[in-house]
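Participant: Below, each chain spelled out in residue letters.
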Amino acid sequence: MKIFKSYSSISILIITLLCIPSLLFAKAEEKIERTYTSDRDGKVYLEVKSGDIVVNSWDKNEVKIIASKNDTVDISHTEGNIRIIISRPRSFHYELFIPDKAHLRVETASGRIKAREIGGFGDIRTVSGDIEVVTAKNGIRCKTVSGDIHLEKITGNAELKTTSGKITVEGIEGSIKADTVSGKIEMEEFSHAEEMEIESISGNIKLLGELSSGSIYEINSHSGNVEMRIPSDSNFELRVETFSGNLHCDFEIRVSGKIDRKNIQGIVGKGGASLISSSFSGNIRITKQ
Amino acid sequence: MMRCSKARILINDHVDHLLDNRKVQKLEGHLQKCPRCRDLLAEMISMVNGAKQLEIIPPSEDLWPAIRNRIERKHRNVFIRLPEKRPFFGFSLYPARLAYAVSTLLAAIILVSLFYYGLPFIRNGRNDMSKEELDHLKVAEQNYQTAIIDLDKAISDQKAQLSPELAEVFKTNLGIIDDSIRACRVAMGQHRKNRMANLHLLMCYRKKMELLNEIKNVMMQSG
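Chains A and B are the protein sequences, given in the same order.
Using my numbering, read the first sequence as starting at 1 and increasing by one per residue.
Using my numbering, read the second sequence as starting at 1 and increasing by one per residue.
In isolation and in its complexed conformation, chain A is listed as follows (with noise of 0.2 Å):
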């Protein structure tokens, strides 16, 4: 029994030792800062192969990548533009810096993409990995395939598509697209929206907001559950149907058109806004704040 233990305090040790060198070598990869002139609203674009980029911006005219040393960094610059190409097998953890007013494009393969205070157009594109954005102030496009969305404080349209991540929002002022199979989508504080359209295949959908008179809210679902919390005072139009699920709506409604289990038509309050839903099999609930 005595001679099981230290042999294993002694594999112990010579994994540890084996370790040493690998967190060593990970430690030692030397990062590069490399800036460049570019306009104050000018366009950024930086297109990865595998890797995490976080984005920031400041107060100047330059913009900034934090890369590894051991990358191949090809870069254009065209009329106060900037564009990118980083191409590398490893994964890595880049930075990038650009104008408060640039416009940002940012692609990976592979990767987590987190940006904060994008004065621009922001479109940001991964396959497999996160985007989370904080405070863009003039619309967002943002797409991943099994990755989640999270977006807050945004000013201008967003449109977001995602294939089996969860869709957030908090804080939009401004039309919204946004498109999923199977992952939920959830908004909160969403106003001024002129146009708002949102499906999913068997994800939940659950918005929380408030509607603009003359504006369009379509939200589609097959087999997932719609929940709308809007304020009790709202005015709008309202046509919801299903097939199989159920309907509910807290608001009173002078009917239009049809009312029945499954088709409500009508008018809430002095009208406005249009309040169109649909689902196959999930249940539509409309309720007041």
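I should point out that these hints are in silico values taken from the structure, not numbers from a laboratory.
Even for Gly, the Cβ is constructed at its ideal location relative to N, Cα and C.
Each computed EDC-like pair below joins lysine to aspartate or glutamate, with the alpha-carbon atoms no more than 20 Å apart:
#1 K262(A) with D128(B)
#2 K258(A) with D128(B)
#3 K166(A) with E132(A)
#4 K166(A) with E152(A)
#5 K49(A) with E165(B)
#6 K177(A) with E214(B)
#7 K137(A) with D41(A)
#8 K177(A) with E195(A)
#9 K184(A) with D179(B)
#10 K171(B) with D148(A)
#11 K49(A) with E214(B)
Covered by chain A, per the in silico footprint, the following chain B stretches (three or more residues, Cβ under 8 Å):
#12 180 to 187
#13 194 to 208
Given chain A, put chain B in place with the hints provided.
Facilitator: Just chain B now, with coordinates in the frame of chain A:
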């Protein structure tokens, strides 16, 4: 002798002073003999006169800006969908395979056919579809199926390029869509003309096509 059904149509036009003399004479001949149509004419004239005396309510202040915004938005969307300037903001061109090109073309045709065939029925508010509408949807469905088979062929040879995790995500989600298509088909077996079942079936086909396109794009990137 004019029938009441024909007379009712003419009464509508008569109230709006749209009938020529010959039709007016025919209608008056009918009205002399038919008290019900006479009553209808009197009722319509009184309605029209009543409507003329109604106060004109001006539209709310935000109506015209809202309409203008929508028109401008549609106009903007046309430009948004134009091909982007690839040299600066885009991937470099990948060598496109013929199958990809064909499937993309088909996908575009299908989307147009959905727009052409599907949209008129979305907002008509009826539960059942007419035979003509069903025929149109059947054409759209066949086009979808063709595109899906084509896309499936285009990607099936190269599925190995995908990482196992990603392949699993695609497989699971294609399975979810296929289950949804089956659910719609079962519903249509019981209520063939049901508008909701038909429209959701088309939505599922569109989703499947979009997902297959997504798989194709990911393969092109990784290839």
